[in-house]
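*Asks:* Protein chains in written order, with our numbering: chain A, 9 to 307; chain B, 139 to 661.
In short, the hints are calculated from the structure, not lab data. Remember, predicted model here, so these are calculated numbers, not experimental data. Yeah, the Cβ is synthetic: ideal placement off N, Cα and C, and Gly gets one too. Among the hints, erroneous ones may be present.
[As the list claims (entries may be wrong)] One-sided excerpt, in silico: chain B residues whose CB lies under 8 Å from chain A:
| # | residue |
| --- | --- |
| 1 | HIS415 |
| 2 | LEU428 |
| 3 | LEU430 |
| 4 | VAL517 |
| 5 | ALA519 |
[Claimed, not checked] Some residues of chain A that are not near chain B, with every Cβ distance over 12 Å (derived):
| # | residue |
| --- | --- |
| 6 | PRO46 |
| 7 | ASP93 |
| 8 | ALA155 |
| 9 | ARG230 |
| 10 | ASP240 |
| 11 | GLY259 |
[Unchecked claim] To spell it out: a stretch of chain B is covered by chain A in this simulated footprint if at least three of its residues, at any positions, have a beta carbon under 8 Å from a beta carbon of chain A; those stretches are:
| # | region |
| --- | --- |
| 12 | 418 to 424 |
| 13 | 502 to 513 |
| 14 | 521 to 531 |
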Amino acid sequence: MTAVIEASGLVKTFGRTRALDGFDLTVQPGEVAAFLGPNGAGKSTTIRILLGLLRAEAGAVTLLGGDPWRDAVALHRRLAYVPGDVTLWPTLTGGEAIDTLGRLRGGLNEARKRELIERFDLDPRKKGRTYSKGNRQKVALIAALAADAELYVMDEPTSGLDPLMEAEFQKVVRELTGEGRTVLLSSHILAEVEKLCDTVTIIRDGVTVQSGRLADLRHLTRSAVTARTRDDAAGIGELAGVHDFASGADGLVTFSLDGDHTADVMAALAARGIVALESAPPSLEAMFLSEYGTAKASK
Amino acid sequence: MSAFAGTGMLLRVALRKDRVRLSVWVGLVVLLAFYCVDAVKAAYPNEGDLAALLGFVQGPAGVAMTGPGYGLDTPTYATVFAGVYALYVYLAVAFMGATAVVRHTRADEESGRSELIGAGAVGRFAPLTAAGVVAMGASLVTGVGIVGATWSYGSAADAWLLGACAASVGIVFAGIAAVAAQLAERARSAMSMASAVIGAAVVVRGVGDIMREHGSWLSWFSPFAWAQQTRPFAEPRWWPLLVPVVVAACLWAASAVLLARRDMGAGLVAQRPGRSHASRWLAGPYSLALRLERGSIIGWSLGVGFSGLLYGSLAASVQESLANLPQNLKTVLLAQDGDLVDAYAATMAFFDALLVACFAIVAVHRLASEEAAGRAEVVLAAAVSRRTWVGASVVAALVGSVVVTLAGGLGLGIAVGASLGDSSRVWPLVLAQAAYLPAVAVVIGVTAALASARPRWVSAAWALVGWGMFAGFFGQLVSLPQAALNASPFHSSTSPGLRSSRSPPLRSWRCWRRARRSWASRW
Ligand SMILES: Nc1ncnc2c1ncn2[C@@H]1O[C@H](COP(=O)(O)OP(=O)(O)O)[C@@H](O)[C@H]1O
Ligand SMILES: [Mg+2]
Chain A
9 MTAVIEASGL
19 VKTFGRTRAL
29 DGFDLTVQPG
39 EVAAFLGPNG
49 AGKSTTIRIL
59 LGLLRAEAGA
69 VTLLGGDPWR
79 DAVALHRRLA
89 YVPGDVTLWP
99 TLTGGEAIDT
109 LGRLRGGLNE
119 ARKRELIERF
129 DLDPRKKGRT
139 YSKGNRQKVA
149 LIAALAADAE
159 LYVMDEPTSG
169 LDPLMEAEFQ
179 KVVRELTGEG
189 RTVLLSSHIL
199 AEVEKLCDTV
209 TIIRDGVTVQ
219 SGRLADLRHL
229 TRSAVTARTR
239 DDAAGIGELA
249 GVHDFASGAD
259 GLVTFSLDGD
269 HTADVMAALA
279 ARGIVALESA
289 PPSLEAMFLS
299 EYGTAKASK
Chain B
139 MSAFAGTGML
149 LRVALRKDRV
159 RLSVWVGLVV
169 LLAFYCVDAV
179 KAAYPNEGDL
189 AALLGFVQGP
199 AGVAMTGPGY
209 GLDTPTYATV
219 FAGVYALYVY
229 LAVAFMGATA
239 VVRHTRADEE
249 SGRSELIGAG
259 AVGRFAPLTA
269 AGVVAMGASL
279 VTGVGIVGAT
289 WSYGSAADAW
299 LLGACAASVG
309 IVFAGIAAVA
319 AQLAERARSA
329 MSMASAVIGA
339 AVVVRGVGDI
349 MREHGSWLSW
359 FSPFAWAQQT
369 RPFAEPRWWP
379 LLVPVVVAAC
389 LWAASAVLLA
399 RRDMGAGLVA
409 QRPGRSHASR
419 WLAGPYSLAL
429 RLERGSIIGW
439 SLGVGFSGLL
449 YGSLAASVQE
459 SLANLPQNLK
469 TVLLAQDGDL
479 VDAYAATMAF
489 FDALLVACFA
499 IVAVHRLASE
509 EAAGRAEVVL
519 AAAVSRRTWV
529 GASVVAALVG
539 SVVVTLAGGL
549 GLGIAVGASL
559 GDSSRVWPLV
569 LAQAAYLPAV
579 AVVIGVTAAL
589 ASARPRWVSA
599 AWALVGWGMF
609 AGFFGQLVSL
619 PQAALNASPF
629 HSSTSPGLRS
639 SRSPPLRSWR
649 CWRRARRSWA
659 SRW
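For reference, chain B alone in the conformation it holds in the complex:
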C-alpha cells in the first residue's frame, strides 16, 4: 500500500487549496438546478400549458439540444426538467469533475509542485487518488444538492435517481480527465482533451437520439445518455447507472496503469527534436501570438467542423420526420422559419457559435497565463508596447475564430447539402455561421478587458457564453425579459435574413478600447 502513502495528507491539501473554487463550482451547479426548476414554473404557471413546449423539444433540433424526451408526451414540471434542463446540469457537473482532476494532477505536475511532494513520503498513486476522491466527492455533493432542487416534484425516489445521474456524469468525466492527464504533458492540453470528449459525448448523444425516438444504439456511447436513459420522473430505472460505474472504474484503473508506465513530468507521447531556427514568418508579436495559438486553432477547427458534419448529415432525416409530425406541431415549427431544415441548421449554427466563443475565450486567456508565467515580461521588455501585446492576442483570437467558424459552417453546409442533394444549401449556412462572428468578437473584447484589468478575473468571461447558451436555448421558453435576452451577445445575431446584428460590433469595439486603456494604466 506504500504506493498510496500520503493520500490523506494530499487530500487535505487539495481541499484546503480548492475550498473556494470547488465550493463555487458545486454551489453554482446546484443553483442552476434550482433556477431551472423555478424558471419553468414561473414561465408556465399552469402545468397544462407545458404542451406548448412540445413544438420545440420534439423537433430534431430540440432533441439534439435536450435529450431522448422520456415523459414529454404528457409533460409535467418534473418531466420537463428531467427531459430538457437536466442535460445542462449534467454538462456543468462534467466540467466540474474534469477540471478538478486536471487541476490536482497534471497542473500540479507541470508546475513542479508534484516533484516537491513526490520527493516526500508520498506514494506514486497518492496524488491521482486524492484528485479522484476530491472530484468524486464534489460530484456526490452536487448530486445531493440536485436531489434537493427536484425534491419539490414530490417523488423522492425519482429525485434521488436524478441526483445519482448527475453524480455519475461527474465521476465518469473525472475518470476521462484522469486518463487525459496521463497522456498530455500539459494541463492545458489535458483539459482540451477532456473538453473534446465532453463535446463529443454531447454530439454523439444528440445524433443518436435524433436517429430514433428515445435514443438509438449510438446514444449509448455517450455518458450523458447513460444518465438520461434512467428516465427519472417518467419510467424510472436504475440499471443504466451500472454502465458509468463500470466505465469509471475502468478509466481510473487505466489512468493508474498509464501513470505507472511513465516518468514524472512526461506525457506518453515521446518528444521529437524540432526546428533549430524560427521560420522567417515568426517575426513579431502578431505572428508569435498566432504561432502559439496554432495547435489550438487546428484542434478546435477539426472538432467544430466534425460536429457540423455530424449534425448536418441528419438533414435528410429531419426533413423526413416532418412528414410524420402531427399537423399542429408542423404549424408551430414552420411558423418559426418557414423551412424545418433551416430552423434545425440555424440551431446547430448557434451551437457551433457557442463552441467558437469557447475557443476565443481560451485563446484570449493566454494574456493572463503568459503574464502569470512571466513570458509577458520578456516580450514587453523587447520593442513591443503593451497595446501591441494585447492587440496581438486579440487578433490571434479573432483570426482563429474566423477559421473555426469557417470550419463549422463548411462542415454543416456541406453535410446538409450532401444529405439533401442540394448544393445551394452550402453557402447560406456558411454565412449563417459567419453571422455569429460579431458576437464572438464581443466575447473576445470582454475577455481581453477582464484579462487586462485583472488577470484573475478572466474566467468571468465564461459567464457570457453560459448566459448566451441559456438565453439562446431557453430564453423564449421561460419568457425571459427582453433586457435579459439582449444581455447575450449572441441574441441579436441570428441567421442572415432574420434580424440584423448591428449592436455587437459596436459593443466589442468599446470593450476593446477599454482593454487597451486599462492595460496602459495598470501599475
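With the rest of the complex left out, here is chain A:
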C-alpha cells in the first residue's frame, strides 16, 4: 500500500526563522492523520508545502504519488483544502463562495453540499464580510467537505466552531473515512485528535517529536498517580519509572508513572498498605505537555 503523503527531511526557512528543520510525515490511505503541535510549530508551513504553495528548501515530498510543486493543478483536483485562516470575498455571499471554491477545484457534490449547509446550520445568503469567524470557517469546511476528493487537508479545521458544530464536524469526517477517504488535519486541540484520529504526528519547532498510531503512543506516556499508604511511602520516589515524586503531610503521595513500570511500582505500593489509590489515564494533554515542556526546558 503506497502512502498518500510521504514527506521526509523537510526544511523551510523564512529569513532567520527556521520554520521546518528536517520534518517527516507519512499518511496512509484511509486513515485520519493528525498533526499536533503548539502555535508556530510549523503545521501551516508543512501543509502549504504539501499543497505546492511553498517550496521546501530541502527534503522530499510525494503527495498522492505526485510532486506537489510540479503537478500542483492535477493533484489539487484530487484533494480538498481548508486553510487555517479563512478569509472570504467580501462581496460574495457564503453560498457563492462555496460554489466558486468547489468549481475551482473541479466541482462538488450538490446533494452533500445542501446536506452540509443544513447540518452546519449556515445561512448561505449573507455577504462574506458579515460572517463571524465561526461562520467563515463553516463556509470553508462545507466547500471542502462537499467535494468528492481522495484526500482532505484541513488546517485547524475546528477553530472558531462551537462544541455542537465541532461534534457535527467529527461525524462528517468519520463518514468520509468510512468511504475510504484520507484525512490530514492539524490541531492544537488534543481532545479532538483523541476522538477522531488514527495516527498522530507531533511537531515542535519544525521537527517531528513523535509519530505513530495513537494507541501505541499512549504506552510511552505517564499516568498521574495519587496514593495514600499506611506505612511511609518515601522509598517509592527512588523506583525506576517514577517521576516528579512528592509527599504531603497526611501520607498522600503524588507522582507520574511510566507505563512499562506499572507492575513493579504497584507491588511496592501494595507492600506499604494502600489506603486509597487514584490513577488518571495518560491523556494526550499530558503527552503533549511533557513533550512541549521538555522542549522548553532543554532550550
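With the hints as your guide, set chain B with the ligands onto chain A.
*Replies:* Chain B with the ligands alone, transformed into the frame defined by chain A:
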C-alpha cells in the same frame, strides 16, 4: 470629553505607523512643486518667451487642464506656475489627505484593529480625530514646503497664499474622505468614493472655467476652484479660502454625526441577503476575477462616461470661442491638428485614458491584496495554476479597461456629436479613445509584473500614470527630451491618423511574460 479619550496616544501610533509613507507623500508633493518651478525656468530661460505658452493654456482644452488663467495675459514664471502647474500640486495634496484619513479610519476598522483599540480606554471619536489631525498636519507641512518652492518668485505674501491654498485642498479632501469612511463599509470603497469626488471636482472646475473666462458659477462647486480663485501672484486675495475652512468644518462635523449613528464595522447602507448559490456563469478563475471586478468596472464606466459627456458637451462653445480668438492664437491652435474641436477632444480622450489606466492599476492591485488577505491561497490550492491566477486578474483588468474606454469614448463622442449636431463625430472619438488601450495594456503589464515580483512594490505602477500625465500635458511645454517622452506608455498612442501606436503592445507583451515567469519562480 471622554469621547475623545486616547486621541493623543492614537495620534502617536498613527504617526509611528505612517512615518515612512507620509514622509514620502509630503516629500514627493513638495518635490513636484520644486520641480515644476525649475522646469519652467529651464524650458524658457527668457521670461519673455513664456508668451508661447498662451496658445495652449488659453484654449479650452488648456483651461480644462490648468485653471482659470489669472495673470496669464502677461505671463511670468510665477503666474505660469500658479495658473498652470499649481492644479497638479493641489491634486497630489488632495489624494494625500484622502488616503491618510481612509488609512487611519476605515482601513483600521475593516482589519479589526479598531476593535482592539476601541475595547481599550479610547473614546468613540478618538480614531477619527487622530486621523484628521494627521491629515491636516501633513497638508499644512506640505503647504509650508510649497511656500519654500515658490519663495524664489520674490513675493512672500503670494508664496504663503499659494501654500495655504495647497493645504486647504488637502484639508477639504481629508474631510470628504472622513465622510466616505463612515458611509462605505470597506476602505477600498471609501477610497473609491473619495477619488470619485476628487475626479468630479477636477471636471466641474474644468467645465466651469471653460464656460466663462476666469471661471463661472459652476467652478465654485469645486474645492480646486476655491484655491485657484485666490489668484496668487496675479491679484491675490485671501477670502476665497474661507470657503474650504467652513466646508471642512462641516464635513468633519458630518462625519462625527455619522460615526455616532452607526455600529463599529458597519457602513450606513444596510445589508440585504444575497444569492444562496453562485450563478452558473461563475465557474472558474477568469469569471471569478471578473465577478470581483464587476462593481469597480460599473463605477468607473459611469464616472469616465459621465466626464466624457460633460467635456464633450462643451464642443459647441469651444468652436464658438475660436471665432473670438486673436489671429495669432488661431494659427498656433490650428497648426496642431487642423480642427480645434478635434484637438480639444483629443486632449480629453487622453485625460480619460489616464483615468482608464487608474482603473486598470486598481484592478491588477487585486493580485497583491488577494494574496495579502490569504484568498489567493485557497484559489491556488484548488485546480488553478499560478499562471492562470495572474492571467485571470490581467484579463479582468483588460476587459474592464475596454468597457471603461468604450464608456468614455461613447460619452465624449455622443456629447460632441450632439453639441455640434454632427453624428459623424461619434465614431472617430470612440476610436481615438480606443487607441489608448495598448498604453493601458502596458500599464497593466507593468503592474502585474510588480505585483508578481513583490506585492509590496505594486504601488510603484502609479508612477507610470503620473509620468504619463506630466509628459502628456507638459512634455512639449517644458521641452522634455525625446527619451523621457518615450518613457510614457501614452506617448506614442495618439488619436488615429496622427502617430502609430506600435511599441506599446510589444512592451506590454514583454511585461506580461515577465510577470508570469516571476510568479512561477517565487519562493
Ligand atoms: N510567511 C512567513 N514569513 C515569515 N515567517 C513565517 C511565515 N510563515 C510562517 N512563519 C514562521 O514559521 C513558523 C511556523 O509557522 P506556522 O507553520 O504558521 O506554525 P503553526 O501553523 O504550527 O502555528 C513560525 O515561527 C512563523 O512565525
Ligand atoms: Mg497555523
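*Asks:* Would the stated hint for VAL517/B survive a check requiring a Cβ distance to chain A of less than 8 Å?
*Replies:* Where the cut-off is 8 Å and the nearest Cβ of chain A is about 6 Å from VAL517/B, the hint holds.
*Asks:* Far enough from chain B: is every CB of that chain over 12 Å from the CB of ASP93/A?
*Replies:* 5 Å, violated
*Asks:* Would you check whether ALA519/B satisfies its interface hint, that is, whether its CB is within less than 8 Å of any CB in chain A?
*Replies:* 4 Å, holds
*Asks:* Would the hint on LEU428/B stand, with a C-beta cut-off of 8 Å toward chain A?
*Replies:* 12 Å, violated
*Asks:* According to a criterion of three or more residues whose C-beta lies within less than 8 Å of a C-beta of chain A, is the region 502 to 513 of chain B covered?
*Replies:* As far as the region 502 to 513 of chain B goes, the hint holds, because 3 residues have Cβ atoms under 8 Å from chain A.
*Asks:* So is ARG230/A really clear of chain B, every C-beta pair being over 12 Å apart?
*Replies:* 39 Å, holds
*Asks:* Confirm or reject: PRO46/A is not an interface residue toward chain B, with every Cβ-Cβ distance exceeding 12 Å.
*Replies:* 21 Å, holds
*Asks:* Count the residues of the region 521 to 531 of chain B whose Cβ falls closer than 8 Å to any Cβ of chain A, and tell me whether that reaches three.
*Replies:* holds (count 3)
*Asks:* Taking C-beta pairs only, is ASP240/A more than 12 Å away from all of chain B?
*Replies:* 55 Å, holds
*Asks:* Does LEU430/B meet its interface restraint, that is, does its C-beta lie within less than 8 Å of any C-beta in chain A?
*Replies:* Status holds, d = 6 Å.
*Asks:* Is the claim that GLY259/A lies outside the interface with chain B correct, judged by CB distances over 12 Å?
*Replies:* 50 Å, holds
*Asks:* Report holds or violated for the interface hint on HIS415/B, using the least CB-CB distance to chain A and a cut-off of 8 Å.
*Replies:* Since chain A brings a Cβ to about 5 Å from HIS415/B, closer than 8 Å, the hint holds.
Checked against the numbered hints given earlier, the structure breaks hints 2, 7, 8 and satisfies all the rest.
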